[in-house]
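J.: Below, each chain spelled out in residue letters.
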Amino acid sequence: MKPVSQVAGRMVPLPQADVDTDQIIPKQFLTRTERTGYGQYLFYDWATTEDGQPSSDFFINDPSRKGAKVLIAGRNFGCGSSREHAVWAIQDWGFDAVIAPSFGDIFRNNSMNVGLLTIELPDELVSQLLDLAQDPATEIRIDLENQLVQAGDFAVEFEFDREPKERLLKGLDPIGMTLQQDAAISAYEAKRPAWR
Amino acid sequence: MTERRTMFEKIWADHVVINEDPALLYVDLHLVHEVTSPQAFAGLEQMGRGVRRPDLTVATVDHAIPTTGRSLGIRDPRSKKQVDTLKSNTEKHGITFFGLDDPRQGIVHVVGPENGYTQPGKVIVCGDSHTSTHGAFGALAFGIGTSEVEHVLATQTLWQKRPRTMAVEFDGPLPDGVTAKDMILGMISQLGVRGGIGHVIEYRGEAIRSLSMEERMTICNMSIEGGARAGMIAPDQTTFEYLDRRPAAPKGSDWDAAVKYWSGLVTDDEAVFDAKRHVDASSLVPHVSWGINPGQTAPITASVPDPDAFTDPVEKDSVVRALQYMALRPGTPFTDIAIKHVFVGSCTNGRIEDLRNAARIVAGKRVANGVSAVVVPGSMQVKTQAEQEGLADIFTSAGFSWREAGCSSCLAMNDDVIPSGERCASTSNRNFEGRQGRGARTHLVSPAMAAAAAITGHLVDVREWS
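So the protein lines, in turn, are chains R and G. Following this note's numbering, the numbering of the first sequence begins with 1 at its first residue and continues without gaps. Following this note's numbering, the numbering of the second sequence begins with 1 at its first residue and continues without gaps.
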């Protein structure tokens, strides 16, 4: 995983609550066995009409939104299915971070594991960002090291757990780290009941 | 005085390998399926890593496989490649695999319990959010993403931030004609789809204790729809009787030792939960979802809600979107809603008792004209048992299609797609937009409610069928 410390760029607003991972990456794209190439299918059913044409009023098809880096979302973003493909699609489209009042638990874990920054801010602050993000040119800057979000006059600190922060900043491979704990894992296994 | 602990706290403590925040937790059972595992195995390959405990890993195919014409093989080349990839990955690493032609094949959350892999006190993970199902046995079971699947394959452990605990007490007895599905739909409609975020729920109370294992699985299965990663129910005699003599369950003196240990997992009297909620089980009625998330659910006796009744602008917007997608008008009684499809199956309601409950309604009747009704058993073992009990004949005589086991129309990754604009009464767990097919409109109900809808052609209060 590449280290993540700063994210800077334009924003896209997606205000509705409870956006589930079925919307982020619909099931018809989950039969692929690769980790890459999902960006073209991001929000596919919202971005296309039923005959596969671009639907005009969605950000995916708005040239002024191309190259945006931060998705500003509603409550409980990424709820539902555990499909990590949702995170892969968001990253592959070009986003480096999502800011929302809350996230689905599994989606948030998946994001941490592949370096998509997920930041929780209170409802009223996310509302302010959603307003700012109406203008496709507005820039936002996220500083993970100092836990700061800034967009023009908007500047707030955010909370972030110590351990994933360090992992993201250093781009550490969690499996490699855990394999170094082999002695502890073996010791645990030695005292596990045989019938379990 | 010893510390009072919840069941969750006991299981957590028994699995901590490294006690930090997050803690390194040992995984007793890793269930694997074809859709969320290929990238994990490829990741191992790329790094030259192996599978630490193939003996604690069990794989099956369920998500994208056909439920008809299996002798012809899998037509979709990508789905075929996924299944072939899982077969070769499990062969290479020595992992037990229930392939398409195995009599034990089925939905991963049906296969685990019925073969006795799912046991109280275990930490169970799977690359699927409905892994919460296994909590019905008093296990700590939760869904994980593909990176975590790879981590568990390589290390048999996971780094986990300790979740908060929530007790949901179902007070009073469950009335006749009301099922476990109605309990969990009713709970989610009260607590909302975000009510459980960050928590592990323990379901408690009189109405829970009297449930069978299969009903308990229905409840725990949908914990994730309430935002909780895991749900659990204390093991008791019902649990032990279900597990006794299942193939992977402990035997002989091991069984005795296991039951003794399992019995001690129950939450201590006066143990403290981080949060506590109550649901009045005695006043529950059959429920039906009307919207595009499982919280948008109401009693069948009610009618389509009016967006103006919601004060929170975000909630109001959500209701407007839902009614537009579902093509429903405020004030329409739910029982006036006509349906064209009925799906009985899924990891929520695809077990033998679910099929019995549906068959009881269907027996001697015919599916309404213009309705396409399908039963997809949760596993090939469920299918065989249902055929032996005569349930398959009841369904097919009534005009239902009788299928091979799999996830099927719950997420419609195979050909079992509900057409756009058409309405389905479904015993599955998610009514998300496009879940059963792009533009398809899902109404979540219990198996009995789905069966009754198939016969009448519209949503109906199954209690009027007695």
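Simulated from the structure, these hints should not be mistaken for lab results. Because the structure is a prediction, the values reported are computed rather than measured. All residues carry an ideal CB built from backbone N, CA and C; glycine is no exception. Take the hints with a grain of salt, since some may be wrong.
To be verified - Covered by chain G, according to a simulated footprint, are these stretches of chain R (three or more residues, beta-carbon under 8 Å):
(1) 8-18
(2) 51-62
(3) 109-121
(4) 131-138
(5) 142-153
To be verified - Which residues of chain G face chain R? A few of them, derived with a C-beta cut under 7 Å, are:
(6) Val17
(7) Ala64
(8) Thr68
(9) Thr146
(10) His151
(11) Ser189
(12) Leu191
(13) Gly192
(14) Val193
(15) Arg229
(16) Ala258
(17) Ser318
(18) Val320
(19) Phe432
(20) Arg438
J.: The structure should be examined with respect to each hint, and the outcome stated for every one.
T.: Outcome of the hint check:
1. Counting residues of the stretch 8-18 of chain R whose beta carbon lies closer than 8 Å to any beta carbon of chain G gives 4, which meets the minimum of three for the stated coverage.
2. With a cut-off of 8 Å between beta carbons, the stretch 51-62 of chain R has 0 residues touching chain G; three or more are needed, and the interface restraint is violated.
3. Only residues whose beta carbon comes within less than 8 Å of a beta carbon in chain G count, and the stretch 109-121 of chain R has 4; three or more means the coverage holds.
4. With a cut-off of 8 Å between beta carbons, the stretch 131-138 of chain R has 0 residues touching chain G; three or more are needed, and the interface restraint is violated.
5. Note: the stretch 142-153 of chain R has 0 residues with beta-carbon separation from chain G under 8 Å; the three-residue rule is not met and the coverage is violated.
6. Look at Val17(G): its Cβ gets to within about 5 Å of chain R, closer than 7 Å, so that hint holds up.
7. The interface hint given for Ala64(G) holds, since its Cβ lies 5 Å from the closest Cβ of chain R, which is under the 7 Å cut-off.
8. Given the 7 Å rule on beta carbons, the hint for Thr68(G) is violated: about 18 Å separates it from the nearest Cβ of chain R.
9. The beta carbon of Thr146(G) is positioned within 7 Å of a beta carbon in chain R (closest approach about 4 Å), and the interface hint is therefore held.
10. At its closest, the beta carbon of His151(G) sits 5 Å from a beta carbon of chain R; the interface hint therefore holds under the 7 Å criterion.
11. Residue-level restraint check for Ser189(G) is violated (minimum Cβ-Cβ distance to chain R is 14 Å; threshold 7 Å).
12. With a least beta-carbon distance of about 13 Å to chain R, the hint placing Leu191(G) at the interface is violated under the 7 Å criterion.
13. For Gly192(G), the shortest C-beta to C-beta distance to chain R is roughly 9 Å, which exceeds 7 Å, and the interface hint is violated.
14. For Val193(G), the interface hint holds, since its Cβ comes within 7 Å of a Cβ in chain R; the closest pair sits about 6 Å apart.
15. About 5 Å separates the beta-carbon of Arg229(G) from the nearest beta-carbon of chain R, less than 7 Å, and the hint is met.
16. With 7 Å as the threshold, the beta carbon of Ala258(G) comes within range of chain R, its nearest partner Cβ sitting at about 5 Å, so the hint holds.
17. Taken as an interface hint, Ser318(G) checks out: its beta carbon lies about 6 Å from the nearest beta carbon of chain R, inside 7 Å.
18. Hint status for Val320(G) relative to chain R: violated, with the closest Cβ pair at about 10 Å, above 7 Å.
19. Annotation: Phe432(G) was flagged as interfacial toward chain R, and the flag holds, the nearest CB pair being 4 Å apart, inside 7 Å.
20. Below 7 Å, beta-carbon pairs count as interface contacts, and Arg438(G) has one with chain R at about 6 Å; its hint therefore holds.
When held up to the earlier numbered hints, the structure conflicts with 2, 4, 5, 8, 11, 12, 13, 18 and fits the remainder.
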